[in-house]
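> Protein chains in written order, with this note's numbering: chain P, -6 to 343; chain H, -6 to 343; chain R, -6 to 343.
Take the hints with a grain of salt, since some may be wrong.
Put simply, identical chains are the same to the list, so a pair is met inside one copy or across any two.
[Unchecked claim] List of simulated lysine to any residue pairs, SDA-like, C-alpha gap at most 20 Å: (1) K(-5) / D104; (2) K90 / E122; (3) K323 / E333; (4) K(-5) / Y306; (5) K90 / R123; (6) K45 / N164; (7) K90 / E5; (8) K223 / A182; (9) K(-5) / G14; (10) K(-5) / C101; (11) K323 / Y306; (12) K293 / G258; (13) K238 / N260; (14) K90 / V184; (15) K323 / A312; (16) K41 / E122; (17) K41 / E341; (18) K293 / Y75; (19) K323 / A313.
These are calculated hints, taken from the structure and not from any lab test.
Here's the letter readout for the chains.
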Amino acid sequence: MKLSELSHVLSEQGFSNRIEGSPDLVVRSANTLEDAQEGEISFLANPKYKNKLTDTRASAVIVSPDETIPDGLTVLRCSNPYGAITATIILVHGYRKHPQWGIDARSCIADSAEIGENANIGPYVTISERTVIGNNATIYPGCFIGDHVTIGDDVILYPNVVIYDKSSIGNRVALHAGTVVGQDGLGYASVDGKWLKIPQIGRVVIDDDVEMGANCALDRATMGETYIGKGTKFSDLVVIGHGTKLGERCMLVAQVGIAGSVDVGNNVTLAGQVGVAGHISIGDDVLVSAKSAVWSSIEKGAHYLGFPATNAYQYRRQAALVQHLPDLRKRLRQLEAEVERLSQRLDESS
Amino acid sequence: MKLSELSHVLSEQGFSNRIEGSPDLVVRSANTLEDAQEGEISFLANPKYKNKLTDTRASAVIVSPDETIPDGLTVLRCSNPYGAITATIILVHGYRKHPQWGIDARSCIADSAEIGENANIGPYVTISERTVIGNNATIYPGCFIGDHVTIGDDVILYPNVVIYDKSSIGNRVALHAGTVVGQDGLGYASVDGKWLKIPQIGRVVIDDDVEMGANCALDRATMGETYIGKGTKFSDLVVIGHGTKLGERCMLVAQVGIAGSVDVGNNVTLAGQVGVAGHISIGDDVLVSAKSAVWSSIEKGAHYLGFPATNAYQYRRQAALVQHLPDLRKRLRQLEAEVERLSQRLDESS
Amino acid sequence: MKLSELSHVLSEQGFSNRIEGSPDLVVRSANTLEDAQEGEISFLANPKYKNKLTDTRASAVIVSPDETIPDGLTVLRCSNPYGAITATIILVHGYRKHPQWGIDARSCIADSAEIGENANIGPYVTISERTVIGNNATIYPGCFIGDHVTIGDDVILYPNVVIYDKSSIGNRVALHAGTVVGQDGLGYASVDGKWLKIPQIGRVVIDDDVEMGANCALDRATMGETYIGKGTKFSDLVVIGHGTKLGERCMLVAQVGIAGSVDVGNNVTLAGQVGVAGHISIGDDVLVSAKSAVWSSIEKGAHYLGFPATNAYQYRRQAALVQHLPDLRKRLRQLEAEVERLSQRLDESS
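Start from the sequences, fold in the hints, and give me the full structure.
This is the structure:
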């Protein structure tokens, strides 16, 4: 694809842009500034990597409108370089092409299950009684889907995904390998000094356009629903406790854990390894920085950080003061000595 | 089931109780205060949710003997509302009904394996040589059980559980999907600047009545045993290092990690994301709060918290002082100025 | 095997040693000091367990040259007891003997896949189009290997391992059960207030002699490669973000998470539950203590610790001062009172 053609298509998609350099050069694929070779297009979105513009072998680079560039480098200027490179990758590479199994004879589908049109179901898949799956499902080998599950259209389940009974999965949901939906959470009542298991009669509901990484685990609700809102995305090894409800377009980075009965708003970002205690609420548009421990509710729009998590500005101020503790102690000692001296002078002068 | 009948059965089970309101109303199912509809029974155990009593549409609610309730609400008073709702759910709903496979022809069971009576083994299950499984086993699709494994009666292995060779699993154990038992831990000796793998010749022993969540991982011992005591419960993504031994009735919340060669007593609770360093011991009845880092042994009955974990009372005191650091610094500055003024006055007066 | 024979073989392997006690006693197996029985050999490497020498029933113990020992205990003295016990275990027990499947008829191997000699492939394994696997592969049941994957010689994939399309795996790599290689990372561009998925066109490359624990997850690169260097070892539930590159002989303990685009040097040790933020670099020979939060780059050879991670010496100093905060506040209060008294005395004297 010629750069001029790419520029034209990107404009049509809403990424207005202009070329500086050779519009006729041919773009075969996309790559990072570091790894790109001739014939590849790259991008600069994070100013931290600005110095890589000098050394890149990419034939063209997508940059922001006011970026300064080395002489001779062909660039495509656009106000959203990250969006534009994404559109470019979609144009040039497209999304993953899945193996085509049709409905593999080595799968095991219950008679009472209903499968939509155009199903692509690999070997060693189990689909249980009274489960309903929409159109265009891609289900990789080794997946297990329990009884009474409902799955929408255009869903992708990667290998060895497990969906427990009664779960509900929306349209265009993608779950990566090893993710488990709907297992029993820690639900026990203490009776006569023993743990009596509480039957976990609730379920998990995952709404449309959710994607989750590998080896996540979502507890079914004890009663009622564990719920994941539209367009929310998880990275790998995320754990969601029973009865927790997440809003729309949240982003949960790897190894985040949310305990049970938590209410999370829309557009919430929890960075890697964040932990959230049970029975609290997190408002819309909240950002919690990596590895923070959230022990109490967070108001709408706040940026939290720390152990325990607190307002990020306050936390940074406290953390800076902790680093100055050796200095504070030294000043306290000097002051003690000075006060002692003053006291002696006063004694002498009186 | 009529409320009066439920009340009677609960009493027989040791949950003495009395009804305030309509004994004749019919209870069809159980639900949370928030989600309950007419015909459903709910409960109040956490006083935090007290205000939900006013809005609930539940037909009846199980509450503690001295709880104040809105006018017109039918309640069943019991000194252990959580135990009573559990008994109610068991009565009304029962535990999960598993699919019935018999021994599915698409499973792969070694000739030398011994399977007890009434086995329920799904497709795509592998059971290897000289493995012995007790009566009433439910083994979901995709499970792998290695050589020389011993499994007791009434065990449930959910989909894609993996049990490595030589492991021993007690009676009434339930392992949720994706959990792995007995893989090699990090065992290498540094020889000539390289890591030489140590054959991991030990095993994992899980005692009776243990339940584990999804995607956990328990290392086999290098030599000897990794051991999980009777009635201990894990949530999801818990990791246990090689040679670690846990006592009875412990509760490990999601994403807890315990390193190798740790001795944990009975009735220990480790909250979510707690980490425990290797080669230490944790006494009976210890509670460690969420996300704490345990770097040294903890005495019986203690409540620990923090990074590193310390006595919870001391930790909270320190944490409060850290929050007051800006104030402490301000007071130090004022004192420095005041001492400077005093010093000048003394200079002038002398 | 007689102790004298063992001593001889160990010497030949470079572990020079000498016996104190009965060279003729027979060693049948190896065990811990605690669990060893007659006929078993044990070792003492960690001085913390020195007192267990007194009570052990082991017939012989490998100890360091200058260790003091109880009367009557037969020992084999060696400067590297951990290396010598490893060599002993290899001699006496050897490594795991895998089940022998040949190429099981219940596996599903694409016509265009190439499998090397002496393959040992269990039931329910899927190997997809144009994938190439070297000699002596052991692939346990339930593994899935996608299209265009390259795998070297002498590789072991334990049950339910998933390798996504285009990944490359070196020689002598072992991946434990449930580990996932090459799933899509969190790659979305914000376009018009929605998350637009970026096709993840990169891949994962794992070099020779890498071993990983159970239920790990390695994101494929968005573009280019996620890379794991030769001889690097992971414990369980480790997560590696997209585009991150690890050097040789690193050791990542359980539940470590590294975000995307991180450069890690050689011989780096990250202890359990350590988190590393994205777009930073960690030098060779770095050690980060358990549960630390690494938010910025770390220079070669450093030992880091804390939340956020900082130089371990500085961190310990700060942590000690935080513990002394109650004392510092008390001294500040006394000083305030003393200055107030001085001020009054000065008022009175003037």
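> Next, verify each hint and record whether it holds.
Hints, verified against the model:
| no. | hint | verdict |
| --- | --- | --- |
| 1 | K(-5) / D104 | neither (52 Å within a copy, 37 Å between copies) |
| 2 | K90 / E122 | between (30 Å within a copy, 12 Å between copies) |
| 3 | K323 / E333 | both (15 Å within a copy, 17 Å between copies) |
| 4 | K(-5) / Y306 | neither (48 Å within a copy, 56 Å between copies) |
| 5 | K90 / R123 | between (30 Å within a copy, 14 Å between copies) |
| 6 | K45 / N164 | neither (40 Å within a copy, 33 Å between copies) |
| 7 | K90 / E5 | neither (25 Å within a copy, 55 Å between copies) |
| 8 | K223 / A182 | between (33 Å within a copy, 16 Å between copies) |
| 9 | K(-5) / G14 | within (13 Å within a copy, 78 Å between copies) |
| 10 | K(-5) / C101 | neither (48 Å within a copy, 41 Å between copies) |
| 11 | K323 / Y306 | between (26 Å within a copy, 18 Å between copies) |
| 12 | K293 / G258 | within (8 Å within a copy, 40 Å between copies) |
| 13 | K238 / N260 | within (13 Å within a copy, 30 Å between copies) |
| 14 | K90 / V184 | neither (53 Å within a copy, 24 Å between copies) |
| 15 | K323 / A312 | both (18 Å within a copy, 16 Å between copies) |
| 16 | K41 / E122 | neither (53 Å within a copy, 40 Å between copies) |
| 17 | K41 / E341 | neither (63 Å within a copy, 58 Å between copies) |
| 18 | K293 / Y75 | neither (27 Å within a copy, 32 Å between copies) |
| 19 | K323 / A313 | both (16 Å within a copy, 14 Å between copies) |
In summary, the structure is inconsistent with hints 1, 4, 6, 7, 10, 14, 16, 17, 18 from the numbered list given earlier, while agreeing with the others.
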